[in-house]
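Colleague: Since the structure of chain V is already known, use the hints to place chain P on it.
So the protein sequences, as listed, match chains V and P. Going by this note's numbering, 202 is the number at position 202 of the first sequence; the sequence numbering is gapless. Going by this note's numbering, 293 is the number at position 293 of the second sequence; the sequence numbering is gapless.
Hints were generated in silico from the structure; no laboratory data involved. All values reported here derive from a predicted model rather than from experimental measurement. We put the CB at the ideal spot given by N, CA and C, even for glycine. The hints are all genuine.
Listed next, the stretches of chain V that the computed footprint assigns to chain P, with coverage defined by at least 3 CB atoms under 8 Å from CB atoms of chain P: (1) 390 to 403; (2) 421 to 431.
When the alpha-carbon atoms are kept at most 30 Å apart in a straight line, the in silico DSSO-like pairs for lysine-lysine are as follows: (3) V/Lys-108 with V/Lys-148; (4) V/Lys-296 with P/Lys-9; (5) V/Lys-277 with V/Lys-296; (6) P/Lys-379 with V/Lys-148; (7) V/Lys-173 with V/Lys-277; (8) P/Lys-122 with V/Lys-398; (9) P/Lys-379 with V/Lys-9; (10) P/Lys-379 with V/Lys-398.
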Amino acid sequence: MANVIKLRKGLNLNLKGKPAEEMTNVKATGQYALVPDDFHGVTPKVVVKEGEKVKAGGALFVDKNHPEVKFVSPVSGTVTAVERGERRKVLSVRVEADAQQEFVEFGKQDLLRMSAKDVLGILCEAGLFAYFVERPYAVTANPDASPKAIFVSAFDSMPLAQDFEFVLKGQEKEFQMGLDALSKIAKTYLGVSAQQKAKALTEAKNVEVNVFDGPNPAGNVGVQINHVNPINKGEIVWTVGAEEVIFIGRLFCNGKVDLTRTVAVGGSEVKAPSYVKLAVGAQLTNVFAGNVNEGKSLRYINGNVLTGAVTTKDGFLAAHATTLTVIPEGDDCHELFGWIAPRFNQFSVSRSYFSWLLGKKKEYTFDARVKGGERHIIMSGEYDKVFPMDIYAGYLVKAVITGDIDRMEALGIYEVAPEDFAVAEFVDSSKVELQRIIRQGLDMLRKENA
Amino acid sequence: MSLRKYVDKIKPNFMEGGKFHAFRSVFEGFETFLFVPNETRRTGVNIHDAIDSKRIMSLVCIALVPALLFGMYNVGYQNFMASGTEGSWFDMWLYGFLAVLPKIIVSYVTGLGIEFTVAQWKGEEIHEGFLVSGLLIPMIIPVNTPLWILVLATAFAVIFAKEIFGGTGMNIFNPALITRAFLFFSYPTCMTGDDSVWVSQNTICGLGGNVPDTFTAATPLGEVGAGMAPSASVLDCVIGTIPGSIGETSVIAIALGAILLLWTGVASWKTMLSVFVGGALMGELFHATGMSTLTAVDHLVVGGFCFGAVFMATDPVTSARTEGGKYIYGLLIGVVAVLVRVMNPGYPEGMMLAILLMNLFAPLIDYCFVQSNINRRAKRAIK
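If we strip away everything but chain V, and leave its shape as in the complex, we get:
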């Protein structure tokens, strides 16, 4: 039996609109967009021109500092636009899919005979290395680095998140192949939830399996690293999303790049929450059309409600997103005397509301309001209750705000990513933007240490 790690700190949110475990077919619009900003820390250099033809798996842009790391098209088609913003920053590369899909052939590989370098080479070439994230700094990984380990979390504990066991069904072979490939590069750890029973996870080969039992954010790979093999100064680890392990497996099994995800579509405003198959960068129009409640202002989220980014109903699936969520925006809502009214339908971890009386089964509808003004950090211990790492979250945040680099290092900023602060940001009564602050701190440090 694998090592079981119990986590007590955290918070599970019970939101309305959980995706049912069934597939819904959605007709693709044929429009795709790859957004360089989804790959944090990359300076994109576009290698295609408007009107050029690309195959699925063909590079659209590369990292200027590491041209071997390619960012590839999820489909074969025609590059319709390279959108640029201020100072010619690349916002997205648009591709219109062909009716007949063609793939770049990478050929079947014999993993057993490959060295770590060979594996990395083909992953970079096929655009899959782009999905590796490196800590410290939580940025797109650098293939020249030598990581001490690779971490994969096989579950997402965020609200309304994708259930990876459901996604995994029928793809067990590819998943194991992906893990095999990772284990060629470095020692690989797989974090499994105590609720997951699939043998492909609990008995995965060539990796060290750790079982995590606890509330959100137990599924965050950063939390798992902190408990299994924490990052020390000077060390590097890579993390890969569970579904991206399947991408890797597909490459080694079939010799093709297939960036199709099984995306969970949920939220209180989705009429029939379920799963849909979407390739990375696919346009979302048909996912939402006719499937969301009308007549009010809605917030479409690329990802889950805590870490996802705001998009539009015609937006594109973000590179790392495994979940899509639709909630009310709430900007048309004016609650009278909220500071004293009982507000029975509101959820709070504080007992100054009544949600603690209503049990854990009650499902809540959240809107996107901040529900209070931003203040200095007033209450103490709020973050610690939902931050299951051996780190003083409040002190780390303050070190970042004051720009104290030595103290950030000492307090463990190398171990965290912005997403690890998502639950703390949710419960914060001072409404401080913790994730933005941590990202700022990580970027500051990365620049300083470069």
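Modeller: Chain P alone, transformed into the frame defined by chain V:
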């Protein structure tokens, strides 16, 4: 929602370029007081917990209400007893209400006036912290404190204990206690003096009676400090019908507030409990060695001990912020409070000084806990 429409209609006047722009912070303060802000963010988490600092501060104010109401009654009760006036409990309460209300108004007007000005000047929202401080201040002073001194003390505390540090959340000392300390050291005769400060002297709107000039009433701690046995029993102290600062006398009323604060988690039970443990240990020690006539229980129920432990020591901003640190912080407050009471003849009440002293040391306590985490991380790297 006609109110909402009205607010929306007048809102542009207060925004940049509007004719009342100089009152933007005041307008925002009242708008967010009326309605939960409908602001949404484009970045960060997409959903938020319903709790905000307004609700937390309001809760503390609600927790203070029992002690305040009882304090008003007690002000009347003390006057009626001293002057030999007959009256129902409601007359006594009304008398106290009329005696205390001006202090509450003065404290709020002074403090909030400064807060509004600073918020306008810095272009920030008004911080709610003073909602609590403004109510605490009238409750921890003797009833006969002149209003002009109160204005001075409140202004001093808000400006020098809070705003120059950056406002609520950044201050080192509890502003309400700084108000009291300012009074205590600048106008000592108004705070203890000849013991005539604790009982309201005159009739108010025909209620109550005039107390003869020669009348004095000492607090139990004052009596002990002067070498006498306290005239009030433990039961009197628990109920609260003794002379003392307006809000601090009744243990029962304070306990009601404590229950609310602990239940809602606004105050840390770790801090509160350890203050009592520290006070009891030290009281017991002094009693056992014969240095004090007061037993441990006496120490906990008299003076401002309960009030300080429940409402002052637990202030999240000025107390220790690490969970382990809260035990030490609270324990030392209890210890120092009793130590000052017993060992220092000049100050019969030690709670205020103990909390202010530990406010000063809270960052040091936290430093030890945070540093041990840092050391652990550093050690791990070397291994």
